[in-house]
Amino acid sequence: MSRSLLVEVLLAPARAAALPPAGWDLLVRQARRANLIARLHDVLADAGVQAPPAAQAHLTAARRIADAQRQRMRWELDRVAEALAGATPQAVVLKGGAYLALDLPLARSRLYGDLDLLVPREALAEVESRLLIHGWVVESLSAYDEQYYRRWMHELPPMRHRRRGTVLDVHHTLLPLTSRTALATPALFEDLRPLAAWPGLSTFAPPDLLLHSATHLFHEGEFANGLRDLFDLDALVRHHGRDAGYWERTVERAGRLGLRRPLHYALRHSERALGTPVPPEVQRELARAAPPWPLPALLDACYARALQPQHPSCETPGAPAARLALYVRSHWLRMPLPLLVRHLARKAWRRLTGAELREQEAAQRQDG
Amino acid sequence: MKLSELDRASLQRRLQGGGLCLDLHPFTARVRSPLPALADAVALLYADFPLAPDDGFVDFHLEIRALPRWLPWRERRARFVFDGLPAFVGLPARQAPTMLEWGLNWCVAAHAHQFLVCHAAVLERDGQALVLPAPPGSGKSTLTAVLAHRGWRLLSDELALLDPATGLVHGMARSVNLKNASIELVAGHLPEAVISPPVPDTLKGTVALMRPPAEAVRRRAEPALPAWVVLPRWQAGARAAFERIDRAEAALLLAEQSFNYHVLGREGFEVLTAMVGRTRCLRFVYGALDELVPAFEALAAGDVA
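Chains as they are written, first to last, in the working numbering: chain A, 137 to 504; chain B, 90 to 394.
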């Protein structure tokens, strides 16, 4: 599988210096679609590579958006901390929000979407009611979707703030309740790092940050941000990988939480795609969690295609099939077969009858 | 090479193939579409624009894609696609010309953060810019269409691009959006104006696009320094009159009508306050097109108190 221009340049920015105008054009487009354009800006700036003015305007614009989003995200963390004061001692900021709150180097170059939060299931009702009081509302859903979330999923339906429009996803575990991967949910709350700047909020310890990133990427079937998430994972390893005891603790936590297999996939594909520095003994140890042949070979082929920028220039003939296979796999991992069949049949029916499109149009009319 | 020098077959071939690259200073756009209605509109509205090189850097790659028609009696639909990613919902294919204009505006508003991008029309006279912020229905486009043919140079009907580094405002000299009753009104008032066939039943009612004057297109790379911020309001039966307004009110309205004020943050605030600080801020009420020219002549001559 050949590397995209974007990945080549992100790994070796000096290469960009020789690009013709059409090459810069492609580079910016791939970076935009992969949600890695602010990172591209920073990587080129750090390497002292000057983009042509037209391309530079887009890179600088992305830098500005990243700055604005970080500022907004910090403000959002303030608001969430205030809303949840006293609700539960265990409210964990996940993913992008955590990287930002911890001020990790990767946070600066990242673009943000929703804020994700994890709270113990027993605190869920209290958390939801406090968020409602503070202006977050559950977006209106069909009765089926509401039940889908409440009964089977690992999170509440997305909550949107009435005035600010920001979206908050409140999770009570990391994988759907119906998932095939047996996650030891209570163990998630064992090793938290309280955030001094946001009383009442905390993040995972470094090993669990990596485990969550791995689980998220290698369980979900949506790859719109797949490459971005792979770079997150790579950055986490590069940032923490040389800390004393990091790998021992990470492998141990993977075993304790029941996440050895997703961690194996994550580190394997991250090393293959981005050259992530993972000690060989860690890879060997985790390889024991790999599924039997021929699954690994199949997954290698699928991930190599799916973890490309989702841009027409990176679309290979096998890519749609690979994405479909991973989408079906993610649903297979998510829920038992009878439920899966029911769920997918319903989605297909709604798409066929145009119900989904009508709802999208109604939503757009409201926004406009 | 100007687009009008391209024969119809070559235009169609480019739109259906690798794309037609338009030089819309300060941006370039590559447009693709199989729809004949779109080719007609591009040929009409962008006739005076030069083509950009095919192998250069392109700011916005866009496409008006025809959607497959499942049932033969259903109307053909089309969708705006930004560099391979479908954006917005599908609309009837006959709306392709307005989809292109709105889609292109969206591209600029969502990505061009080197400027503070405001929803406003801009015209120029002697190097001085007239900025007309526009809550919908204010009669801004009608006013813009008339002035653009009567001594003022059109910079933009929809997007004022304010450069924080220089304080200058840029436009692209693209077409003017006329809506509903104003289409007939402008066509009757300006016999020389070239106006596209009206498209009925869009989200904004019936829309027709007026081709920018050739001179405006030729000088589209020349920015201007804002001298007046005028809030237009059309009101049936009203006599044309200016009224001074508070600078703070004008600044707040411009911020509200800006697409990326929140992205630029403090810089956005500073460029806006600097602009209203050195411009005259006025409200302008009008009810008849023939009063527009004398009113704005007086404004340009400094005769408005």
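Hint data in this document are derived by calculation from the structure and do not stem from the laboratory.
The beta-carbon is built from N, C-alpha and C at its ideal position, and this holds for glycine as well.
One thing to keep in mind: the hints can contain errors.
As the list claims (entries may be wrong) - Computed far set for chain A versus chain B, every beta-carbon distance over 10 Å: (1) ALA150; (2) VAL164; (3) GLN186; (4) THR196; (5) ILE201; (6) PRO322; (7) PHE325; (8) GLU384; (9) ARG392; (10) HIS447.
Claimed, not checked - Partner residues are not named here, just some residues of chain A that face chain B (Cβ under 7 Å, in silico): (11) PRO157; (12) GLY159; (13) ALA190; (14) ALA191; (15) ALA204.
Tested hints:
no., hint, result
1, ALA150, "holds, 20 Å"
2, VAL164, "violated, 8 Å"
3, GLN186, "holds, 14 Å"
4, THR196, "violated, 6 Å"
5, ILE201, "violated, 6 Å"
6, PRO322, "holds, 40 Å"
7, PHE325, "holds, 35 Å"
8, GLU384, "holds, 43 Å"
9, ARG392, "holds, 41 Å"
10, HIS447, "violated, 6 Å"
11, PRO157, "holds, 4 Å"
12, GLY159, "violated, 9 Å"
13, ALA190, "holds, 4 Å"
14, ALA191, "holds, 6 Å"
15, ALA204, "holds, 5 Å"
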